[in-house]
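Residues per chain are reported as follows:
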Amino acid sequence: MILWRAIVLAALVATAPALLAGEIPPDARRSGYFFMGPDTRAMQDDDTSNPGMLFVLDGEALWAKKAGSADKACADCHGDARSSMKGVAARYPAYDKALARPVTLDQRINLCRANHQQAAPLPYESHDILALSAFVAHQSRGVAIAAGDDPQAKPFVEQGRNLFMQREGQLNLACTNCHDDNFEKRLAGSPITQGQPTGYPLYRLEWQTLGSLERRLRSCMTGVRARAYDYGAPELVALELYLMARARGMPMETPAVRP
Amino acid sequence: MAALINVPAKAKRGDIIEIRTLTSHIMETGFRHTMDGALVPRDIITSFTCRYNGAEIFRADLFPAVAANPYLSFFTVAKESGKLEFEWIGDNGYSSAASASITVE
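Each protein sequence line maps, in turn, to chains A and B. Counting in numbering that gives the first Met the number 0, the first sequence runs from 0 upward without gaps. Counting in numbering that gives the first Met the number 0, the second sequence runs from 0 upward without gaps.
No wet-lab data here; the hints were simulated from the structure. Cβ coordinates follow ideal geometry from the N, Cα and C atoms, glycine included. Be aware that one or more of the hints could be misleading.
Cβ-to-Cβ under 8 angstroms is the rule here; a few derived chain A residues that face chain B [as the list claims (entries may be wrong)]:
1. T47
2. S48
3. P50
4. M52
5. L53
6. L56
7. D57
8. H77
9. Q165
Please model the entire structure based on the sequences and the hints provided.
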């Protein structure tokens, strides 16, 4: 009898982590920084060795440069980004009343270009859009993430959460299977992180350039052999919004460095 | 192109100082192909030079295996106050320069 009890107890203890799996408790959340080696951390910490800062510098120049037929620069409306843009990126993706849907920071920049500068939109992942969004998001470095607080954004956070939990692709994996249930383990030698979007746009050594959260999400989708959503697709924006809401309260790191 | 230079603003005469430089460049290797099979032409920085008050103190040759946005760090002895000039030269007539000043006491 005692032996049987011991076996049942052991079985219960062994299955407990599986029963508890799911969302990460707030105090157990870790930025991708936590999963990197000391060399990559040092690279991010020193602004003169962080290649993301090159894009921030370019973004600063673009901020002051006149564009479009309105012949206005970002600075002409928003002034000094150091004060006007502080904390802004921590609230994105944000709900846009006119469009009745959330927009990402990149989309907001392009909306500004279309509505106020009468300029052509910058293509996704182009140098200029990454530089501008890195410059804007850099002003929020250290600010706690606060996206998804808007009650009107709630249904979209929920949509993003459903996408995060939904299995997809030939490997039939959901984001949650790795990033909630199996972080701190390894996949092909690389640490599995929690997928906290604290440092975007970030410099990925594998990419050898700065990239957006959408690029990161798309490569994860390709990795599970699913068809990736197009840049700017409502599903990607919803996922981005859910991830930011999931990282609520964590400090922004833009521009982060990741392996 | 944007460059980030880290030179100590002040140093004591005879001190060994570290100089760190980072510049933006795609460093296209010349070995990659596009989706339709065309070779992407090589576009790299081939040479980096640092001059301390006009005298060359450090030079490096760069090759296709160097990653994008090359980062170089090296040491020199702080001899006199003045200017450090940096120059990157590359394919297709690429040339970029930056400078920093140092006060030696």
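Hints versus structure:
1. T47: holds (4 angstroms)
2. S48: holds (6 angstroms)
3. P50: The hint holds - P50(A) has a Cβ within 8 angstroms of chain B, the shortest such distance being about 4 angstroms.
4. M52: holds (6 angstroms)
5. L53: Status holds, d = 4 angstroms.
6. L56: This hint holds: L56(A) lies near chain B, its Cβ roughly 4 angstroms from the closest one there, short of 8 angstroms.
7. D57: Given a least distance of 5 angstroms, the restraint on D57(A) holds.
8. H77: violated (21 angstroms)
9. Q165: With Cβ-Cβ at 30 angstroms, over 8 angstroms, it is violated.
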